[in-house]
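Could you slot chain X onto chain F? The hints should help.
So the protein lines, in turn, are chains F and X. Under the numbering used here, the first residue of the first sequence carries the number -11, and numbering increases by one thereafter. Under the numbering used here, the first residue of the second sequence carries the number 4, and numbering increases by one thereafter.
Honestly, the hints are just simulated from the structure, not real lab data. Hints may contain errors.
[Claimed, not checked] Listing some non-contacts, in silico: residues in chain X with all C-beta distances to chain F over 12 angstroms:
#1 Leu59
#2 Thr64
#3 Lys102
#4 Lys282
#5 Asp287
#6 Trp352
[As the list claims (entries may be wrong)] Straight-line C-alpha distance at most 25 angstroms; calculated DSS-like pairs for lysine-lysine:
#7 F:Lys162 <-> X:Lys244
#8 X:Lys413 <-> F:Lys162
#9 F:Lys56 <-> X:Lys135
#10 X:Lys135 <-> X:Lys158
#11 X:Lys78 <-> F:Lys56
#12 X:Lys102 <-> F:Lys56
#13 X:Lys47 <-> X:Lys78
#14 F:Lys56 <-> X:Lys104
#15 X:Lys98 <-> F:Lys56
#16 X:Lys427 <-> F:Lys56
#17 X:Lys48 <-> X:Lys333
#18 F:Lys162 <-> X:Lys239
[To be verified] Distance ranges between label pairs, derived from CB positions:
#19 X:Asp73 <-> F:Leu191: 44 to 52 angstroms
#20 X:Lys137 <-> F:Phe28: 39 to 47 angstroms
#21 X:Gly262 <-> F:Leu191: 54 to 62 angstroms
#22 F:Leu134 <-> X:Lys341: 54 to 62 angstroms
#23 F:Trp75 <-> X:Asp216: 51 to 59 angstroms
#24 F:Trp149 <-> X:Asp73: 37 to 45 angstroms
All residues carry an ideal CB built from backbone N, CA and C; glycine is no exception.
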Amino acid sequence: MAVQTPAHHAAPARSAPTPGWARWANRHMKWLFAGPAMAFVAVLIIFPVGWTVYLSLTDAEGSVRADKSFIGLGNYLDVLTDTDRFWPAVGRTVAFTGVALLFEVVLGMAVALLLWKPFRGEKWVRAAILLPLVATPVAVGMMWRLILDPNIGFANQALGWFGIGPQPWLSGQKTALMTTAMIDVWQWTPMVVLILLAGLTSLPEEPHEAALVDGTTGWQRFRYVTLPMLMPTVIVAILLRGIDAIKTFDILYATKGKGGGSFHEVETLNVYAYGLSFDYNEYGIASAVLVIFFLIIVGSMWVLTARRKEDS
Amino acid sequence: MAAALAATTALGLTACGGSDSGDSADSKTVRVTLANHVWTENIKKALPEFEKSSGLKVEITQLGEDQLSDQYNVKLNAGSSDLDVMMYRPLQEGKLFAKNKYLADLTDKVTSAKDWNWDDFQDGPVGATTFKDKVVGVPLITEQEVLYYRKDLLKKAGIAQPPQTLDELKADAAKIAQQNPGIAGFVARTGKSAAVTQFSSFLYSMGGDFIDDSGKAAINTDAAKKAYALYGGLIKNYGPKNVSTDMSWPEAMAIFTQGKAAFYTEADSLYANATDPAKSKVSDTVGFAPFPAGPAGSKPYNVPSWALGINEQSKNKDNAWKFIKWATSKEMVLANQKAGVPGARQSVWENPEGTATYPKDLAAAIAVSTKNGVGHDRPLVIKVPEAREIVGQPIVDAITGQDVAASAEKAQQAFQALLDDENK
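Isolated chain F (complex conformation) (with noise of 0.2 angstroms):
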């Protein structure tokens, strides 16, 4: 080896000398190995973005083409002031993400603990618990919407089972968002549980012996050891969970359809969004909706990206 190094080293130098371009890539190495990325980040995320904003600016409806005007900040204010469609939207996309949040991280949690210690047949039950993950969230929506048919789903057949009379679900115009948020809860909580299992299994143990010979209950092991040093674990999971669920689109459309049904009752910014632009061709104003939208995103994870800062 020792030998062989020198002179694996010494080959370049007797060839000719090192061209121009060659020099000039090893100067600039980091950019070009960057360049593609780069690339591709700027025509697929930041061209879009912009013209978003562009269009969020003009009057464009009925087709992007079509001659369009720069109307300032109208859309904004049209949509701002619209209490009709824009803020029942805004209400519901924050009721569906902190439901659908709090019950996947409270049931993932509990999953997880479950599942902590190893027990005959974990492997089944994991399995068994990743199964709605791997489903499409339109199928998902679709078989969702059929099991909870008010007059020929199974859900309500079950309940006749049990004397428990026929349930709105989906159809009722109080409980469809709620059954949506359920819908999602049951498709997205073995995700929460897997982030926190694995956070758990990294847990050092002696804090838990430790107050194990204190004599501590159960419940106060978890409350005052376990979930403080998981918490860095149960803020990426509420992180990575909460910017999929305020932007949760599919299980809606596929459940409700378009508008959110005949009475929104589910229409969240998202599916109020692509109203605009798929059903009412209202370029302009969709586009100002989803802008408001990207910040409504980027401010939350910043909030929450900052609280985690603090508890690391």
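Frame of chain F; chain X shown alone:
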């Protein structure tokens, strides 16, 4: 941006110039986008024959209605040339597409094809595919609203014949619902947008319309309020229990074909779903009748629901036209009509073979509809989806038992605002 627009307009103009433009660029592959429909299934079966005789290769993309609409939005907006033939809904998207110049002018093509015979197409459908005296599409499928009913349930209730008037419909639905717990007297679409087309026949028969003769919104007239109350009331009082306000035809049809409803008003073009034993539990007891008459008579809609057009940006217009000419030829329309898809060619309707495969009562009902029918089943505006949501609101309000008159007044204002905006 201006330059790009100028370029597209220029391109559009040259392409409009005549049927012989761009021949050299024509590809041997015609890209056809079609909706999921019985018509599509039939045409796909006949396709090899066309490919053999024309030497062209046909590439078919098939999508659901909503996905198709979204696809057009994206591709036509981007000025994409990779669509040649497009199956589209003249009443839904026709005005928007024509306004945006997405559809090629076919006037010369249809009038110069003598054997193919453009004059054979019914006036109503042709009117819907013509914009500012230019033909932009060829009607494929026509639809009329008819009454689907259950012969066995009527017999059991001692009702001798299907209801002739809307009052009778209401009375019969009430009677059957009362006699048969678990079976609805009446079912129909309940989704805000989806219900509008089927509600339209109720509106016309009660003596109303969405827009009056002077071009003003007319959904708060007495006739309109009565129509809303009637349609919503039928579903609220005699409809399925726990009815949702999201039903389009697949859901409503499922309730009917599962044997859970006595009367169902729907487009005739969907009849095979009810008569096919593989899909329907009531295939042997289903009957058809003309749309029941209201104070203004029986006035169901009679519309072209689908048409074929050519993408203005297509570089393969001549071959696209060859496909359309074949798909809408007399032979193909007849073959399709025999398979249960009502076409727009008069000669096929006059040909006994054209109606031979239809249930007799359905053929009779269609004959009535084509005579008294109204040529639209939704407000004819550019922003159809928005308009449907507005005029559909009182329907769902009626179904959920809210104040119909107040809802109609509110919808009237919103609808008038939309019309004003479009006429600016």
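Tested hints:
1. With a minimum CB-CB distance of about 29 angstroms to chain F, leucine 59 (chain X) clears the 12 angstroms threshold, and the non-interface call stands.
2. Chain F leaves threonine 64 (chain X) outside its interface by the beta-carbon criterion, the shortest separation being 18 angstroms against a cut-off of 12 angstroms.
3. Annotated as non-interface, lysine 102 (chain X) brings its C-beta within 12 angstroms of a C-beta of chain F; the closest such distance is 6 angstroms.
4. Under the 12 angstroms C-beta cut-off, the non-interface status given to lysine 282 (chain X) relative to chain F holds; the minimum distance is some 15 angstroms.
5. At roughly 21 angstroms, the least C-beta separation between aspartate 287 (chain X) and chain F is larger than 12 angstroms, which holds for a residue marked as non-interface.
6. Interface exclusion of tryptophan 352 (chain X) from chain F stands, the closest Cβ pair being 35 angstroms apart, more than 12 angstroms.
7. Under the criterion of a C-alpha separation no larger than 25 angstroms, the hint pairing lysine 162 (chain F) with lysine 244 (chain X) is consistent with the structure, at around 17 angstroms.
8. Our distance criterion of 25 angstroms between C-alpha atoms is met by lysine 413 (chain X) and lysine 162 (chain F), whose separation comes to about 22 angstroms.
9. In summary, the hint linking lysine 56 (chain F) to lysine 135 (chain X) is supported, as the alpha carbons are separated by about 23 angstroms, within the 25 angstroms threshold.
10. Taken as a hint, the lysine 135 (chain X) and lysine 158 (chain X) pair is broken in the structure, with Cα atoms around 51 angstroms apart against an allowance of 25 angstroms.
11. Under the criterion of a C-alpha separation no larger than 25 angstroms, the hint pairing lysine 78 (chain X) with lysine 56 (chain F) is consistent with the structure, at around 19 angstroms.
12. Proposed proximity of lysine 102 (chain X) and lysine 56 (chain F) is supported: the alpha carbons are some 14 angstroms apart, at most 25 angstroms.
13. Between the alpha carbons of lysine 47 (chain X) and lysine 78 (chain X) the distance comes to roughly 23 angstroms, so the proposed pair stays at or under 25 angstroms and holds.
14. Note on lysine 56 (chain F) and lysine 104 (chain X): the hinted pairing holds, with a Cα-Cα distance of about 16 angstroms set against a maximum of 25 angstroms.
15. Proximity of lysine 98 (chain X) to lysine 56 (chain F) is assessed by CA-CA distance (about 19 angstroms); at most 25 angstroms being required, the pair is judged to hold.
16. A C-alpha spacing of about 15 angstroms is found between lysine 427 (chain X) and lysine 56 (chain F), which places the hinted pair at or below 25 angstroms, so the restraint holds.
17. With a CA separation close to 17 angstroms, the supplied pair lysine 48 (chain X) and lysine 333 (chain X) stays within the 25 angstroms bound.
18. Annotation: proposed proximity of lysine 162 (chain F) to lysine 239 (chain X) holds, straight-line Cα distance about 18 angstroms (limit 25 angstroms).
19. Distance hint check: the CB atoms of aspartate 73 (chain X) and leucine 191 (chain F) are about 47 angstroms apart, consistent with the given range 44 to 52 angstroms.
20. Take lysine 137 (chain X) and phenylalanine 28 (chain F): their Cβ atoms lie about 44 angstroms apart, and the range 39 to 47 angstroms holds.
21. Take glycine 262 (chain X) and leucine 191 (chain F): their Cβ atoms lie about 59 angstroms apart, and the range 54 to 62 angstroms holds.
22. Remark: the range hint 54 to 62 angstroms for leucine 134 (chain F) to lysine 341 (chain X) is contradicted by a beta-carbon distance near 34 angstroms.
23. The hinted range of 51 to 59 angstroms is not satisfied by tryptophan 75 (chain F) and aspartate 216 (chain X), whose Cβ atoms lie roughly 39 angstroms apart.
24. Between tryptophan 149 (chain F) and aspartate 73 (chain X) the Cβ separation comes to about 41 angstroms, which falls inside the hinted range of 37 to 45 angstroms.
In terms of the numbered hints stated before, the structure departs from hints 3, 10, 22 and 23, listed from lowest to highest.
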